[in-house]
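K.L.:
Please arrange chain H on chain X, whose structure you already have, making use of the hints.
Going down the list, the sequences are from chains X and H.
Mapping of the first sequence onto the numbering used here: residues -5 to 107, in sequence order.
Mapping of the second sequence onto the numbering used here: residues 57 to 166, in sequence order.
Hints listed in this document are in silico derivations from the structure and should not be mistaken for laboratory results.
Some clues are possibly wrong.
[Stated by the list, open to error] Only part of the chain X face toward chain H is listed, based on derived beta-carbon distances under 10 Å:
#	residue
1	Lys25
2	Tyr27
3	Tyr44
4	Lys88
5	Phe97
[To be verified] Straight-line Cα separation of at most 25 Å, SDA-like style, residue types lysine to any residue; simulated pairs:
#	chain 1	residue 1	chain 2	residue 2
6	H	Lys107	X	Gly94
7	H	Lys92	X	Gln90
8	H	Lys92	H	Gly152
9	X	Lys25	X	Thr65
Where a beta carbon is used, it is the ideal one built from N, C-alpha and C, also for glycine.
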Amino acid sequence: EADIYQTPRYLVIGTGKKITLECSQTMGHDKMYWYQQDPGMELHLIHYSYGVNSTEKGDLSSESTVSRIRTEHFPLTLESARPSHTSQYLCASKGQANTGELFFGEGSRLTVL
Amino acid sequence: GQQVMQIPQYQHVQEGEDFTTYCNSSTTLSNIQWYKQRPGGHPVFLIQLVKSGEVKKQKRLTFQFGEAKKNSSLHITATQTTDVGTYFCAGGTSYGKLTFGQGTILTVHP
Chain X
-5 EADIYQTPRY
5 LVIGTGKKIT
15 LECSQTMGHD
25 KMYWYQQDPG
35 MELHLIHYSY
45 GVNSTEKGDL
55 SSESTVSRIR
65 TEHFPLTLES
75 ARPSHTSQYL
85 CASKGQANTG
95 ELFFGEGSRL
105 TVL
Chain H
57 GQQVMQIPQY
67 QHVQEGEDFT
77 TYCNSSTTLS
87 NIQWYKQRPG
97 GHPVFLIQLV
107 KSGEVKKQKR
117 LTFQFGEAKK
127 NSSLHITATQ
137 TTDVGTYFCA
147 GGTSYGKLTF
157 GQGTILTVHP
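Same shape as in the complex, but just chain X:
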């Protein structure tokens, strides 16, 4: 079982609020990712990090920002949430194994009213 945790699992907030979605992994993985997924749809990469102090934007443009100050922690922040940000946000990490397996957290379902 993967050791990657996301909080909160569910969040309902009003427009304009600042939110931070937390993601932590205890596997010592260098590579971490944030994906955005609407119900029944594909996963879109919005941010990734290959190690401490390394962050890059993904394929899908996002108004969110990320930071990687510690290996195990990769939080995602929205400074001013809007209804268009309503979605599920999935955090994932990858180690050095040849399988290339991505380990996903349970996800954070965000609803912006």
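P.N.:
Chain H in isolation, oriented as in the chain X frame:
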């Protein structure tokens, strides 16, 4: 940029019937991965294929990677209700980028 297309988008089967989902990439891939996402859950890794023409089996699941390394398929024999979920392929490049397909939502009627 790289695109990964997956068909069909939906598949409804009766329990016991077979199921296949197909994945096609616009570019040659370094590897292909498959994930399963149960309703309300998160994607779970199933397998990675890296060799041209590779075929791997996991019980009732058979995974294939095309000779040109641009397409792949997942076949489930004799589906069960526990197979319900969305199956995603993800194409990987040599520099580590992974692009997910749109997924196939499988419904199994008992």
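K.L.:
Can you list which hints this structure breaks, lowest number first?
P.N.:
The structure conflicts with no hint, since it agrees with every one listed earlier.
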